[in-house]
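Asks: The residues making up each chain are set out below.
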Amino acid sequence: METNNSEKSPKSRPVVVKRMPEHLNLVQARKFLKEIQPMLNSDRPQLVFDLSTVRQLDAAGVDMLLHCMSEAMKRDGDVKLAGLSAQAAVILEMTRTDRLFEIYETSTDAARSFSFFLPNTMRQTGTMPTQASPAQGAQQAA
Amino acid sequence: MDVRAILLVGAPVTEGERIADRPIATLDVLGRPVAYHLAEYLHASGVEQISTVASCERPTGFYRAADLGKTVNWIHSSEQELWRSCEHLFAEHAQDGAELLVVCRMGAYAELNLDALIQFHLDQQARITSVSDEEGPLGIFVISASRRNDAAFLFRRQLAEFRSAPAEFRFSGYVNRLKSAADLRRLTVDALYQRNAIKPVGKQVRPGVWVADGARIERGVRIVAPAFIGSRSKVRAAAVITRATALERHSQVDCGTVVEDSNILPFTYIGAGLDVSHAVVGEQRLAHLHRNVEVEVADPKLIATLSHSPSVRALKGMAALAKLVPAELVRGLFTRPRREQPVPEAIQEPAAAVDASAIPEEKRRKLVGSVSESATDFSSNLAVMRRYGNE
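Chains H and U, in that order, give the protein sequences.
Take the first sequence: its position 124, counting from 1, is numbered 124 in the numbering used here, and each next residue is one higher.
Take the second sequence: its position 370, counting from 1, is numbered 370 in the numbering used here, and each next residue is one higher.
Hints listed in this document are in silico derivations from the structure and should not be mistaken for laboratory results.
Think of the CB as a built atom: it goes at the ideal place given N, C-alpha and C, for glycine as much as any other residue.
Keep in mind that the hints are not guaranteed to be accurate.
Claimed, not checked - With a straight-line Cα cutoff of 30 angstroms, these simulated BS3-like cross-link-like pairs (lysine-lysine) come out:
#, chain 1, residue 1, chain 2, residue 2
1, U, K316, U, K234
2, U, K234, U, K199
3, U, K323, U, K234
4, U, K199, H, K34
5, U, K323, H, K31
6, U, K301, H, K74
Stated by the list, open to error - Now the stretches of chain H that chain U is said to cover, found in silico as 3 or more residues with beta-carbon under 8 angstroms:
#, stretch
7, 53-59
8, 82-94
Stated by the list, open to error - Which residues of chain U face chain H? A few of them, derived with a C-beta cut under 10 angstroms, are:
#, residue
9, V276
10, A279
11, E294
12, K301
13, R313
14, L333
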């Protein structure tokens, strides 16, 4: 599992990219949740879960993803998924949870998407991070 | 004329022809394994004795059509001995008085015009006739029983080489090469739309919906034709079976699950509230047709394999019931309904934009009281509706 906080400007909020374990069962899901709990507890968390290495995902893993999303949304943040492996994609589709998440091809795209909806004035004046800044961080993680 | 047939199932191949590590020919389609559908077709075309040489065991819990069972002889052989078994079987049939032998490697499911094929073989005075279509050979041969050496040569070369050039019979009827899960699915859809000779094993309860003996369909289930519900399978409440789905024998679909454009193989359990589409599911594996991937699902809450033994299944059902009743009792006694939980103070307070001091104290108390009272008016068991399709 890898973590990266991309902080380009003091005012920017970091996008955290986490690579998920290969087997996301009950034990691994709990372990993973414990790891990311501090990030979820932060103000407006922006998380990207990279599922490219996931080979086995079960109901507990899906439950954990939903828990993370609800926790993030409570704090006005969001959780996005990236690089879904075939196995993960099939399980998410089967459990009807694929429609609840924003899913991207790569973690770079997912990280970049967090800055898409910033007000134009903020982008132009540079008070907030540019579109590229979180993405660069994600690229470093990859 | 004494014509007999040998079906070869599970011959080693470089790729494909297997789902969940089982030869596709042994998987059920509309109530029977594909090999038996072909045997039935050959039987109807006038072949009296059909032997199946397979590298796997005869499918368990086999359907009760004893009439076909008598004519189909299942011979289990290891993969190494498969070709030798065929050779021996050919020799036995030849000694027993057979004149022609049709050898089909499954492989392909083809609805041959057997009369035309035999006539062609006789007209050509061929030792061996190989059947092919526009895509190439189908792995189907007609061999004169007197040509034992040619047959032995062919079996020893795993049907790939001939001792002398065979006659080529061009086939233009219904054929499915059964190389992948998508082919199995296509065979099922074609059968349900009656594009081939496969007949669902069951009673047509309404146009396009076949239900086999002992199938249990609970209230509120929506079945959209064409569909097949196999024998002793269970479809729980609020499930949706649609787009030419086939649930094979002893399969179970739990509450609220939508099964769309899929084959559910025998003894497969599909969990509650799932969405299974464009897939062949069985043996805890799911072959997704659109993604072209086969995935192992280890979680029994999602997909599980039921026991083939009826007593084990009954015991498991009883155990589940015995576990459920006390758990529900405890839950009913000690769990507070959600709506009885106190409403957060923030909700009870007037909005920040409203000047609270402007509201008279009496009216304010009434307002706050009505919020908390109305909140508890609702029972915790609110019905939840889910819209699907045009429902």
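Asks: Which earlier hints can't be squared with this structure?
Replies: 4, 13, 14
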